[in-house]
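Number of protein chains: 2
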Amino acid sequence: MTTHAESVLADCPLFTGLESAERDEILAAMERETHAAGELILREGRSIQILWIITRGRCEVLKSMTSGGHQQLAVLEPGAVFGEMSFFHPAPHSASIRTLTEVEVLRLSREKYDQLACDGSIVGYRMASNAGRVLAERLRRMDEWVCEMVARPGGETHRDEWREFQKKLYTEWQF
Amino acid sequence: MTTHAESVLADCPLFTGLESAERDEILAAMERETHAAGELILREGRSIQILWIITRGRCEVLKSMTSGGHQQLAVLEPGAVFGEMSFFHPAPHSASIRTLTEVEVLRLSREKYDQLACDGSIVGYRMASNAGRVLAERLRRMDEWVCEMVARPGGETHRDEWREFQKKLYTEWQF
Chain A
1 MTTHAESVLA DCPLFTGLES AERDEILAAM ERETHAAGEL ILREGRSIQI
51 LWIITRGRCE VLKSMTSGGH QQLAVLEPGA VFGEMSFFHP APHSASIRTL
101 TEVEVLRLSR EKYDQLACDG SIVGYRMASN AGRVLAERLR RMDEWVCEMV
151 ARPGGETHRD EWREFQKKLY TEWQF
Chain B
1 MTTHAESVLA DCPLFTGLES AERDEILAAM ERETHAAGEL ILREGRSIQI
51 LWIITRGRCE VLKSMTSGGH QQLAVLEPGA VFGEMSFFHP APHSASIRTL
101 TEVEVLRLSR EKYDQLACDG SIVGYRMASN AGRVLAERLR RMDEWVCEMV
151 ARPGGETHRD EWREFQKKLY TEWQF
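As they're listed, the protein sequences go chains A and B. Okay, so the first sequence: first residue is 1 according to this note's numbering, each after it adds one. Okay, so the second sequence: first residue is 1 according to this note's numbering, each after it adds one.
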């Protein structure tokens, strides 16, 4: 019998290409957590290397504004992943995640993930490879978005600094 | 004795955390190529899953302009990697790479890389994990750059569409 958590994982692009037994390996390494509505699961500015997947309920992505208060960037549904940026590169979270309803999540700590890989499991490779795919796709879309924006009338003012920024992207932050 | 290629790999963030024997595994899977000055190694719009590392010489990153002609985005030196975006996510290359001098590169095909991982080598995991780290860092910097730009006077016109775009980034292209 397939549990609800197993089917959420099966549909998640982060676990593409994993066999059922490999997803079981990941599930065994994850912890299940429930949160009441209105709880902060992840706080902007903090840095924790945990990957979360929502299995039930909804969360909002909140970003603090310079004028004070918070702005809602998006609403996340079951199957959504968060924490992935800091999971792969330790750095402060760029936004907060707050529950809108009672929420059930699966969490994977970086230690458990590294352990899987060091034990010689192919799971670590497949997850990292899938993450690379998703991050590369986001970068590409973002690049397209900015290129399109600065090319339009009204975008002239940002063209030179975009060129400078692109140069840095290609050289300073090279692999 | 450490060869020149070995020392370039040792300094490359894509191979961080690899033991010397593991770097040798990668080197054995790579092919060495030389190109004359003025050659196109990678063509914008094409999609090839190969990862290149420059070991000698310099290349330029060129992007075609809507007005015709090309614009130089950056100059790459030994140690620089290119092709990494399409290597992790098959999609057309967003820019061309042309040699400025005689150039020596090491190239790794996606097939060879997948083979390493399937053979149970930790090398595939470490490379994918390092790539995830670099791509996440680039995304973070790009996000910061755009947030800062739209917050400035003159950026108002792009604020709403940036908000819409961010929402998509958080939901539609979730893992």
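I should point out that these hints are in silico values taken from the structure, not numbers from a laboratory. For clarity, every value in this text was computed on a predicted model and none was experimentally measured. All C-beta atoms, glycine included, are put in the ideal place defined by N, C-alpha and C. Watch out, some of these pointers could steer you wrong.
[To be verified] Keeping only pairs whose Cα atoms sit at most 25 Å apart, straight-line, the calculated BS3-like set for lysine-lysine is:
1. K168/A with K63/B
2. K112/B with K168/A
3. K63/B with K63/A
4. K112/B with K167/A
[Unchecked claim] Some chain B residues well away from chain A (every beta-carbon gap over 10 Å; in silico):
5. E19
6. A28
7. L40
8. E44
9. H70
10. S109
11. S129
12. V134
13. R140
14. V146
15. T157
[Unchecked claim] Pairwise CB distance ranges (calculated):
16. T34/B with A10/A: 42 to 50 Å
17. Q71/B with M65/A: 33 to 41 Å
18. E39/A with S7/B: 36 to 44 Å
19. S109/B with S7/A: 42 to 50 Å
20. P153/A with K63/B: 45 to 53 Å
21. A10/B with E31/A: 33 to 41 Å
22. D11/B with G38/A: 44 to 52 Å
23. V75/B with E39/A: 21 to 29 Å
For this structure, which hints from the list above don't hold up? 2, 3, 4, 11, 12, 13, 14, 15, 18, 19, 20 and 23
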